[in-house]
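**Student:** So you can see what is in the structure, the chains are spelled out below.
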Amino acid sequence: GQQVMQIPQYQHVQEGEDFTTYCNSSTTLSNIQWYKQRPGGHPVFLIQLVKSGEVKKQKRLTFQFGEAKKNSSLHITATQTTDVGTYFCAGPGYGQNFVFGPGTRLSVLP
Amino acid sequence: DAGITQSPRHKVTETGTPVTLRCHQTENHRYMYWYRQDPGHGLRLIHYSYGVKDTDKGEVSDGYSVSRSKTEDFLLTLESATSSQTSVYFCATGVLGGTDTQYFGPGTRLTVL
Numbered sequence: 001g002q003q004v005m006q007i008p009q010y011q012h013v014q015e016g017e018d019f020t021t022y023c024n025s026s027t028t029l030s031n032i033q034w035y036k037q038r039p040g041g042h043p044v045f046l047i048q049l050v051k052s053g054e055v056k057k058q059k060r061l062t063f064q065f066g067e068a069k070k071n072s073s074l075h076i077t078a079t080q081t082t083d084v085g086t087y088f089c090a091g092p093g094y095g096q097n098f099v100f101g102p103g104t105r106l107s108v109l110p
Numbered sequence: 001d002a003g004i005t006q007s008p009r010h011k012v013t014e015t016g017t018p019v020t021l022r023c024h025q026t027e028n029h030r031y032m033y034w035y036r037q038d039p040g041h042g043l044r045l046i047h048y049s050y051g052v053k054d055t056d057k058g059e060v061s062d063g064y065s066v067s068r069s070k071t072e073d074f075l076l077t078l079e080s081a082t083s084s085q086t087s088v089y090f091c092a093t094g095v096l097g098g099t100d101t102q103y104f105g106p107g108t109r110l111t112v113l
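Residue numbers (our numbering), protein chains in the order written: chain A, 1 to 110; chain B, 1 to 113.
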């Protein structure tokens, strides 16, 4: 079945450093979504990418969708303690459901 | 966030007992999902619904059943709970299914002793 992988699994950074997480799918995706889950919280939608090579920015966050639509990345510039959490990518699966990656847990040291 | 509530928020039960988790939404979203979240596995889909009385299995459906008799309610039942079903369970909703945003509820932490 379809698999979505993410690397790294964990990332520890000093506040102010940059952070990148990568998402790779075993199949071509019609779209990819990114979610953030704060510790003890629930996943919250961040963004959806649809077009090949698409790049979207939200303040310090930059999202990219690969040309082959099988990979994506999330880059955070100058991390802050508020960026702490787990970042998930997700793509359409069989039928009308989703397949989530295992997530990248980001910790930011002040 | 969409108006999604889950009940109970925490539950401790014993192996072999039946357990029902409830998800309630006020957004009139067509799609509803049940996920479990375990360390190292991310979110895994258990079952989902694409309308009243329309449900389908997800990746990890064994040992779980669901029902949706009203648009706003989606129930997840563990017929005979096992320790391997100890997890955090999230309900989610969506308007358009696999091409649309999902909105998650606050989660239910279930412990099976």
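Simulated from the structure, these hints should not be mistaken for laboratory data. All C-beta atoms, glycine included, are put in the ideal place defined by N, C-alpha and C. Please note: incorrect hints may appear among the correct ones.
As the list claims (entries may be wrong) - List time: in silico DSSO-like cross-link candidates among lysine-lysine, alpha-carbon distance up to 27 Å:
1. B:K57 - A:K36
2. A:K36 - B:K11
3. B:K70 - B:K53
As the list claims (entries may be wrong) - Some chain A residues well away from chain B (every beta-carbon gap over 10 Å; in silico):
4. S30
5. K51
6. V84
Said to hold, decoys possible - Among the chain A residues that face chain B by a calculated CB cut under 10 Å, a handful are:
7. V4
8. Q9
9. Y22
10. N24
11. P39
12. H42
13. G66
14. V99
15. F100
**Student:** Each hint: holds or not?
**Tutor:** Each hint tested on the structure:
no. : hint          : verdict
1   : B:K57 - A:K36 : 25 Å, holds
2   : A:K36 - B:K11 : 25 Å, holds
3   : B:K70 - B:K53 : 8 Å, holds
4   : S30           : 7 Å, violated
5   : K51           : 13 Å, holds
6   : V84           : 17 Å, holds
7   : V4            : 9 Å, holds
8   : Q9            : 8 Å, holds
9   : Y22           : 15 Å, violated
10  : N24           : 14 Å, violated
11  : P39           : 12 Å, violated
12  : H42           : 4 Å, holds
13  : G66           : 18 Å, violated
14  : V99           : 8 Å, holds
15  : F100          : 4 Å, holds
This entry does not satisfy hints 4, 9, 10, 11, 13, going by the numbered hints stated previously.
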